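Enquirer: Join these two chains into a complex; the hints should help.
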Amino acid sequence: MPDKEKLGVFFGCTTVGAPHLLEGLVGFLVKARIDYVPLGKDLCCGVPLLLAGYHREAGAHVQRVKKHMVEAGITRMVTSCPHCYLMFREGFPNDFGIELGFETMHFVEFAVELLNQGKIKLKLHKDMKIVYHDPCGIGRRGPGLHQEPRSVLASCAEVVEAERADKLGTCCGGGGLLRASLPKLAVAAAKRKIIDDYLNKGTDIIVTSCPFCTLNLTDGAGEITERGFNVFDLPMFLAENMEEE
Amino acid sequence: MSGNAKGAETTEDINKAFNAYKRKIYRALKDDFLKTALERAVSSFRKNRDAALAAFPEVEGKRERLLEIKDEVICNLADYVARAREALERNHAKTYYASDASAANEILADIIGTGKTIVKAKSITSEELEFNSMMEETGNLVWETDLGEFIIQLLGEKPMHILAPAVHVPRERTAKVFSEVAGREMPTDPEKLTMFAREFLRDKYFSADVGFSGANFITADTGTMFLIENEGNIRFATNAPEVHVAVIGLEKLMPSLSDAMLGLEVLMRYAGYLVTSYVSMISGPAKTGDIEKITVYGAHGPRELHVIFLDNGRLKAARDPDYREMLRCLRCGACMYECAIYPLVSGHWGYHYMGGIGVPWTALISGGLTKAAPLAYSCALCGRCKEICPAGIDSAKLIERLRRDLKREGLVPGFIRKMAEAVINTGTPYPKED
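From first to last, the protein sequence lines are chains Y and Z. Take the first sequence: its position 170, counted from the start at 1, is 170 in full-length UniProt numbering, and no numbers get skipped. Take the second sequence: its position 178, counted from the start at 1, is 178 in full-length UniProt numbering, and no numbers get skipped.
Extracted from the complex, chain Z is given alone in its bound form (with noise of 0.2 angstroms):
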């Protein structure tokens, strides 16, 4: 039977694909600089979120709150993005609904075009995308501003963690690629470090065509886009280029500005920041009506938004009594570091997300079954994250649920497979040999 065929190679082809990953994730292990940033990192976000949460225990109230009204939009997703479409082109912005990544690229093709230059803000939803290469695939030149990404565009490499892409780097790595693009010698040197990518990345802003960015909240009622940052180069990004062109994931909508601002603190404060350094609110392109009230789009910022409403799965996810806890996630990348796993090797546990929160939205939203199969069995399932998230999502219950899905889809790697069948064969998944 052709079917039995097809189910024969999917298990061969996720076998591989395992074992593949398998030797990925050994090599990680044995990888000393991965060890040590992550090491530097847990520490700092550990003082850092402790501190943030002491000075604000009333956040704790505040998170409660903010999943209500998360768990309210998600059950009303399609009727959030209407609304926030209907704000945004009330304020002269361009608006756009994208099904899946590559309706997306398409939006995206025709608002750029090509020989473009791209000034990017960090944005994981653009991973979705493949928005770089799609992007230099096009013809455009893309630059990434933001620290940790520029720093992995200058390596090659893809981002590691959801907050801070450049997690696994530790500086020497990252003064020896500094050093290839000055020419000179650079000093491991944080701040001299940062100088330099300052320095070098100030004029992209003022010479590019097109600011890209997402947004952490958009709001259905104004529909205002929030973005946090603390380094000041999502500010450059979306206001010094002609044209302004965000890509949001559907999770992102709030009612309102006050729930967007809750949305904020709670974000904040769970992220380990006492405050960031900045918060831009951006609803329309730039205006004035200085002379004659007569109204000029382009004052001083860009003349032009365009915002993607990006879908990729979420719908069905929401649709899923079980899934639709995945979409509180606020990406505040707490459980990542607190996990058992995930600081042994970083984002080689993942696809474009990563970590145990990762696992369901490979399945569902970036990268398919085939991609989550395998990173569904390195999860200890211990539940620490679901204590540690500021949404309580349990992402070890995700994860049993998407093991449930694979197992029906002929997904399961051999040896837990043959771990199960010795069970339903023997009663033990350790039978005597004899």
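Same shape as in the complex, but just chain Y (with noise of 0.2 angstroms):
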């Protein structure tokens, strides 16, 4: 064990691509006062590579990014981006035959984290609701993180569930390069998804923690015309409603 821990942040390209996304994970990281090593802000975790069936290509790719990785000397990696998250848990090793030497940890994971340890504290909103939904990546297809998230957000709101949910939660339509092969498809998937499960949840608030989720259900959300609703990635939602001290 080292003595000190070296906490990296590995942004991913779509938070960095969204200036809103970036802003409210950075903005969570002050406010939390994280003291991180910030990484990933230019290079990209390979995922794409390999959704685009460059195999080959990704695995030169992956060296690059391990070597930026073991360079910072971190001991400890935290990603908002569950397909970032992915890649280094599972795609790393298991593809690549890469032991990166330390873990990664999805964001939701360590908010569970920092809020038992009472270095972070929401605010207490009695009459808030919000519909959290479950990305696919750390999810279903991922370690079934679907009860975290909503202990987090229970600690600030009441949590109100859609029918289908969990595992069995519908898909944004953001993921698998959809929104950059069929980008009217991806945000119809999106539009009908909000439509089917959250129009009538007595919330306009959608928080999931996924960037590639929030964009998508941000513009599916963007094309409904009975309510408008706020979509947030759990740093930015956190971020706003943390207790300043």
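These are computed hints drawn from the structure, not numbers from a lab. Quantities reported herein were computed from a predicted structural model and do not represent experimental measurements. C-beta atoms are modelled at their ideal positions from N, C-alpha and C, and glycine is treated no differently. Watch out, some of these pointers could steer you wrong.
[Claimed, not checked] To be clear about the criterion: a stretch of chain Z counts as covered by chain Y if any three or more of its residues have a C-beta under 8 angstroms from a C-beta of chain Y, and this derived list gives those stretches:
hint	stretch
1	22–32
2	204–218
3	340–354
4	381–388
[What the hints assert, rightly or not] Pairs of lysine-lysine, DSSO-like flavour, derived with a Cα cap of 30 angstroms:
hint	chain 1	residue 1	chain 2	residue 2
5	Y	K184	Z	K386
6	Y	K184	Z	K22
7	Z	K116	Y	K191
8	Y	K6	Y	K66
9	Y	K66	Z	K418
[To be verified] On the chain Z side, residues computed to face chain Y include the following (Cβ under 10 angstroms):
hint	residue
10	P374
11	L406
12	P431
Expert: The structure is reproduced here in structure tokens:
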């Protein structure tokens, strides 16, 4: 065990590419007074290469990513992107035989830890209702983090459930490079999901823990005329709803 | 180098194909008829399936047992085909092996010939052969007898769901096309529309020369095909004409009658039925020995039964450790109803096979890599279908694997290639523009 933790935060290209997502994550880290080494601001984890079928090229790319991380000398890493998370946890060792030698956490796990340790505290909103959208990457495709994000949100407001949630939660339509290949189809999927699952839940706040879900649900919500929705990535939401000391 | 020139051509072709596909998908997104019909279909499917699974909770255990059986069969397909053929021949049926669609069509041409009328049961496998147009080209007349297929045939369209071919057609459109055939105004009442189809098709069964069908399962021990249905058209089509011809994909093989019964239960429940109205089990032509124990074939049912086993890429898929999973598909259609993408565009996302599972089926069985390439980029890879599928097929994983094959063959659409090259050259898919 190293004496002192050196925490890396891997930003991921989707968060870096969307100013409000980046602002939300950085805002959280500042407010929570997290000491961290920023990583992946100009370097992709390699997932898009795998999703495009460029397996061989991804093999060379991940060596660059590994070097970037090893040079940073971190002992633990957090990322808010489920796809980066899965890449480090599963893709690196299973597809490329790379052991990073430190643990990678998803932001949801990190938030649970900070709350449990009393390092952050959320403002209590008595009348606020939130619906949580399960991203596939940390849900059914990954470690099944369904209760954890809900428990974080429940310390702040009432969490209401869609009929289909958790492992069977319907997809936002934003993954698998669909936002690149058929953006209108991706957004139509998000719109349909919100109408089917969230329109009659008595809330206009959707929180999720994936930059792709956040962007796609935001675009889908933008096409709904019946009601406006506010879609948050978890870091953004926590940054806005944290007690400041 | 000529290799490069060919590569460039392929890239251009794939971009053209992708752009045409994109236009089609975006048109479908604007189709209000489609939207209405799919919304109705998805919501009734969900209700029915929940009810069927709640009424028979033990189906979950049966599903697991079925998977073990199917996986064993997939690993020994050739052996099971040989056993099923032997059993059928013993039962006085004629059997054939078609390595691909054109071989199957040659066999069909030999059996059916020309100038015949064919009554046809719903069969997605027959789409691989483009059966209807092949038969019409050789001077035959085909009547689709499944109500959904009949509607599609009259509309001149293609099936948009493996179980519910006319899933995208709302009653208003059906009434319109039936009115044209009937020469009088038809109401939009589903009952009246169904009665019209019933009357229209009734005498076709008895005047037809050939009945054509697929099968949901076929057993290796007895050569028995299982045909599951609700409408009763399959019973007529496979029973009234003198000749019954069946084309059966190799993945439909089951070791024994009791295994097929297990498959039957699982398939019905996951397709949203407590029980279907009919299951026909056909093992040979009709026969009698009632006059002096002398066997005469063609008592009341067909005199001849011809069974064509269709490979068309299945054996190759079965040998691949990733792709073999797709042969588990029971065609319950649940993955398509429950998909985030499919209900928005229906079978426009597909070729003969549709939706996520349809992508590897298009690539390996019916269509080929070029047809599959645009389809492979329509999936959000969310993996929800794996949770829904009774056979646990991970279509997202199969599509990821396919994208690797597409890359190797130079069939990556331009914008995907650009993004990948940006990662390779600059480290990120969104390089800063300065």
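Enquirer: Now tell me if each hint is right for this structure.
Expert: Comparing the hints with the structure gives:
1. Residues of the stretch 22–32 of chain Z lying with their CB closer than 8 angstroms to a CB of chain Y number 4, which satisfies the three-residue condition for coverage.
2. Counting residues of the stretch 204–218 of chain Z whose C-beta lies closer than 8 angstroms to any C-beta of chain Y gives 0; at least three are required, and the coverage claim is violated.
3. Here's how the stretch 340–354 of chain Z fares: 5 of its residues keep a CB closer than 8 angstroms to some CB of chain Y, so the rule of at least three is met and the hint holds.
4. Only when three residues or more bring their CB closer than 8 angstroms to a CB of chain Y does the claim for the stretch 381–388 of chain Z stand; here the count is 7, and the claim holds.
5. Distance check on the hinted pair: K184(Y) and K386(Z) sit about 25 angstroms apart at the alpha-carbon level, within 30 angstroms; holds.
6. Distance hint between K184(Y) and K22(Z) is fulfilled; the C-alpha atoms sit about 10 angstroms from each other, no more than 30 angstroms.
7. Proposed proximity of K116(Z) and K191(Y) is contradicted: the alpha carbons are some 50 angstroms apart, above 30 angstroms.
8. For a cut-off of 30 angstroms, the pair hint linking K6(Y) to K66(Y) stands: about 16 angstroms separates their Cα positions.
9. Annotation: proposed proximity of K66(Y) to K418(Z) holds, straight-line Cα distance about 24 angstroms (limit 30 angstroms).
10. Against a cut-off of 10 angstroms between C-beta atoms, the interface hint on P374(Z) holds, since the closest Cβ of chain Y lies about 8 angstroms away.
11. Against a cut-off of 10 angstroms between C-beta atoms, the interface hint on L406(Z) holds, since the closest Cβ of chain Y lies about 6 angstroms away.
12. With a least beta-carbon distance of about 9 angstroms to chain Y, the hint placing P431(Z) at the interface is held under the 10 angstroms criterion.
Hint compliance for this structure: hints 2, 7 are not met, and every other hint is.
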